[in-house]
Amino acid sequence: MGFVHQFWQLTVDGLEIGALYAVIALGYTLVYGVLQLINFAHSEVFMLGAFGGLFAARGLLPAGDTPGGLASVGLVLAGLGVGALAGGAAAFALERTAYRPLRRRGAPRLAYLISAIGASYFAFNLAGKEFGRQNVPLPPLFHNGVVFHIFSAQVTTQNLVTVGVAVLMLILLDRLVSATRLGQGIRAVAQDADTASLMGVNVERIIVLTFIIGGLLAGAGGFLYTITFNASYNMGFVPGLKAFTAAVLGGIGNVRGAVVGGLVLGLVESYGGYVISASYKDVIAFLVLVVILMFRPSGLLGERLGRAA
Amino acid sequence: MTTSGTTPSPEGTELTEPSVTPQRAPGPRRHRAVPAATGPGPGLLELLRSSPVHQLGACLAVSVVLAVMTGPDGDSDHPFHGIAKSVLAPRIFIFLAIGLAFWALVQVSSRLGAVKQVAGERLAPVGRVLETRPGRLGGNATLLAVAILAPQLVSSAAQQSLVNDIGIYALLALGLNVVVGYAGLLDLGYIAFFAIGAYVTGYFTTKTGMPWHSPVVFNPFFVLPIALLVAALAGVILGGPTLRLRGDYLAIVTLGFGEIVQLLANNAQGITNGPRGVFGVPNPSVNVGPVHYQWSLDPKPYYYLLLGFIVLVIFAFGRIERSRIGRAWAAIREDEIAAEASGVPTLRLKLLAFAIGASVSGFAGVLYASEQFFSPQSFSFQASILVLVVVIFGGMGSRIGVVVGAVVLQGLAFYLRDKVPPADRYIYFGAVVIAMMIFRPQGLVPSRRRRREIQLAEAGIHGADPLGAAPDHAA
Amino acid sequence: MARRHVTGMAVAVLAVAVTAAACGSSGGGSSSSSGGKKSVEIGFQGPLSGDNQQLGINAVDGVKTAIAEANKKGDLPFTLKLAQSDDQGDPNVGPTAARQLIDNSAVLAVVGPVFSGATKASEPLFSKANLLSVSPSATNPALTTLGFTTFFRDIAPDTVQGAAAADYVVKTLKAKKVFSLDDASEYGTGLSGAFEPEAKKDGATITHDSVNPTKDYTSEATKIIADKPDAVYYSGYYAEFALLTKALKTKGYKGILASGDGSNDDQFIKQAGVANANGVYLTCPCGDANSDPKAAAFVKSFEATNAGAKPGTYSGEAYDATNAIVTVLKQVGAGATRKSVATAFKSVDYVGLTKTLKFSPTGEVAGSNVFIYQVKNGERTVLGSTAVLVKG
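Chains as they are written, first to last, in the numbering used here: chain A, 1 to 309; chain B, 1001 to 1475; chain C, 2001 to 2392.
None of these hints come from the bench; they were simulated from the model. Misleading hints may appear alongside valid ones.
What the hints assert, rightly or not - Residues on chain B that point at chain A, a partial pick, calculated with CB under 7 Å:
#, residue
1, A1084
2, L1096
3, Y1249
4, L1263
5, V1288
6, P1290
7, V1291
8, H1292
9, I1385
10, G1411
11, L1412
12, Y1426
13, I1427
We put the beta carbon where it would ideally sit given N, CA and C, even for glycine.
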């Protein structure tokens, strides 16, 4: 019984939350890649995206029973779209107020960290003021049922939607970074901003776009999160920290590393939470982080956006 | 090199120490030169640089944000009501008017730049006097006198806050200042050592507070050295393997460590009593010869106890700062490789800084615990961040500065308790922190050395320190 | 440096000016006279912000209602005012919040603190200041054993509720295997600590687990379902119980779900979703004013005072506590001091809405009933009191 019996179910659970971590982790990794800065306010971008998507989906939801079929698909897409836009806008505003003025004067690195922390406090408390400080649920947008079983594990519609959308976004981002001009620019700035700027890359534009891309992903990720959990003004902190852990775990600055890190973290948490106790889930996550950093400080797949992606 | 010519920079005129003024052109490590080529939309700082129109836009944007900040609340069913009622109500005009007035002020003041410079030179002698030895002594004595008188003038809730929020955080900030300000190491889990100090106290001083306790109980004063040692030891154990890592990774490992300690405190109910916290640590007392004194619930004696320790720590760290060790730390901070090459045992010294910082934190933990009650909620990541913010806000590397930082920031939080809806006060906190970083990143009362390092960094001459290296791609 | 300096200061000045302008009206309140009568304040301490603020708001609205009624009646030798102090439900904020009330010399009695942890941290200060504090909701059993001299509560401790809940779940609902989960808080462990032994005594097998409040109950739900219990009893607050309910239902849990008074709020239904919340049992030592015909006048007065809000969990208790305080104030008269109020309260005997307020020397209320609620069609409905529902 016990763990062996539940192994596949825990794997399914772990992959779901891991996919979410991966989506958020990309924002950290991209910004770290181009700026070598830990963007502490990224968790609030995630939170604002979640609220944006939730309000949009809730607003469009017709009264009465849970919708089905095309209506469900439309609602999920609307939520994702608005969530992503809200996240992108938040990330843009963040870059403008908490990062750019500092960059213009070449402030020391700690100053960025502190201003990002300030922005984070500002944003989530303002969200609390405007959206209330209660947990806010997303009404069901589709019928959630068991679609199929893998061994003994139930795979629900909700699992499939979350993981499917996350994987799709991750593939798109990977293509974007490795195969487009913009991606080339991002990699160039990540490798060497000054040389890139000499080569005619508009570094400032790349930085803004990197923030926005990270924000779009985090915003959509925020909406996905509300499908399973509830939104609240302080929801960003823990997933943000976990996603950050995931980014480091995979090798910060490395796009594929963030994905691997997210999934590994999700699985480890899910197994650990079952075997030991759900209370120790976070302890396990951070222990993994500390151990990895001590023995393989560049993360599972190595650092550097430029080289690995 | 880069296009530094495109941003006409006022920095040159701002530096007070002439030695570092002119050489700001070759800044290959930064892209601050590039922004001139980007799109519209001013950040706050560009208020001073871009055209008045953009400044006006920024001013009005800020005043709208302020209107929303101070406006009515919304809730999850009506998420945009709060914003709508703030922006569409007549009061918006007051805010816009203030924004407009502010804009006008900036316009006028930039014309008056020359006048101010003269005024600045007039005031300069005062600054110079304060930097002489007698001047400094006088300044410090005044500060001490203010600190001694302060609790007599305020309410007992404020006294409680002076102890819990300001005193404890000032002590913590002094400790973290050694790690961040002196040695240039970023520690994001500093509060963990504070927790260790508190739990050590719980273990040794009460049989009822925690399920796991020592067979004999002590007066909290006797626990001070034990907590100091245990916290320092924890610092060495954590720092030993991780201080070899690069600056960022140290930050992350310490963050992870801080989280682990808090989560363990929360979850190991059989040992720590979990989230219910530890209740019943006895108040400290002194029974030496004829002196008998028992601290009690009254915050004032605690305040003076804390003040005593703070002054002691300030003196002790002053000695260290000016010693060989202090100079070695400065060398590590400014250029670790060069320090290593000139024979500074960098790893050992970093470890020492880490241990000293940790022990002060443990020490503060004992004092905090001996006020009767603590729970793991006090040891959250937010608390670590708050200490860090206090250090940076007050002025990294400056002992007086970090204490002032604690007083101002925590004082602001307390002041806002009654002035704004309690839940909203962190909005203001966040806004003040951002504004501070934009306008005065060196902190309220910067240390002279630190100020110079930041000026150098801003001028693109040197990366200040392992942390201070502004976004740097050359590495 | 000069320019930036000035701008920075100007921004700060601007911010402060705006803040002051916007909040200038809300000022401190020491005792002042209005209309010839001296004014006396009743303090309130509880969570007015944070995740579980609804419980604090329910209570403070009850206090407001009682104060408004007393002032309207006008037979007191002074006008009553309310002094609120937010402790965020956090034991670490408790002492500062308590001091704020103690400092205000016009405050002669306090309703609160609302949460058990904050109560534990604040009561030593109230005791020392001789300031009466009547909690409408701090149900942790140990609170009355710690030697606080001015602490009273007009709600039964968790020992009563936990045992009654266990009897109901095991005897009436016939659950053979029960999963008892608490949130490791002062309140949660107290409740599960009373629930489990009674359920065992009633013949059920118990699996105990303790999880700190988190946002992700997925793996805990897997664990619970793997254990195949007939019933799950959660000892904790509604924000987490809603998430747990959601996670369990998503995973197809079909058994009995129940929780205590910390989850007995409409916010639970909202946050869990109506479909998930339907059928869930909630236990509470509190009656439901909305469905109690005797309380119709109270509900009306409550709605009038609080802009149409309906009474929630602890509203009735807070209302009763305030009324009992008002009775004592009347008795003590114009020369009331903190000490005389606290002393007189010991012998109060007031027939309130929820129960008769009469206290044992340690501050425990004399009699109490535990009620069972069930969510039906998205509404909490009272099934009755355990005294009636549990047979044998």
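Structure-based check of all given hints:
1. Taking 7 Å as the C-beta cut-off, the interface hint given for A1084(B) is violated, the closest approach to chain A being about 10 Å.
2. At a threshold of 7 Å, the smallest CB-CB gap from L1096(B) to chain A is about 19 Å, leaving the interface hint violated.
3. Annotation: interface hint on Y1249(B) holds; nearest CB of chain A at approximately 5 Å, less than 7 Å.
4. At its closest, the beta carbon of L1263(B) sits 5 Å from a beta carbon of chain A; the interface hint therefore holds under the 7 Å criterion.
5. Here the hint on V1288(B) is broken, as its CB sits about 43 Å from the closest CB of chain A, past 7 Å.
6. Given hint, P1290(B) at the interface with chain A, is violated; its Cβ is 49 Å from that chain's nearest Cβ, farther than 7 Å.
7. For V1291(B), the interface hint is violated, the least distance from its beta-carbon to any beta-carbon of chain A being 44 Å, above 7 Å.
8. Taking 7 Å as the C-beta cut-off, the interface hint given for H1292(B) is violated, the closest approach to chain A being about 44 Å.
9. For I1385(B), the shortest C-beta to C-beta distance to chain A is roughly 6 Å, which falls under 7 Å, so the interface hint holds.
10. Of the supplied interface hints, the one on G1411(B) is violated, with its beta-carbon coming no nearer than about 17 Å to a beta-carbon of chain A, more than 7 Å.
11. Annotation: L1412(B) was flagged as interfacial toward chain A, and the flag is violated, the nearest CB pair being 13 Å apart, outside 7 Å.
12. Interface hint status for Y1426(B): upheld, as the beta-carbon distance to the closest one in chain A is roughly 4 Å, under 7 Å.
13. For I1427(B), the interface hint holds, since its Cβ comes within 7 Å of a Cβ in chain A; the closest pair sits about 4 Å apart.
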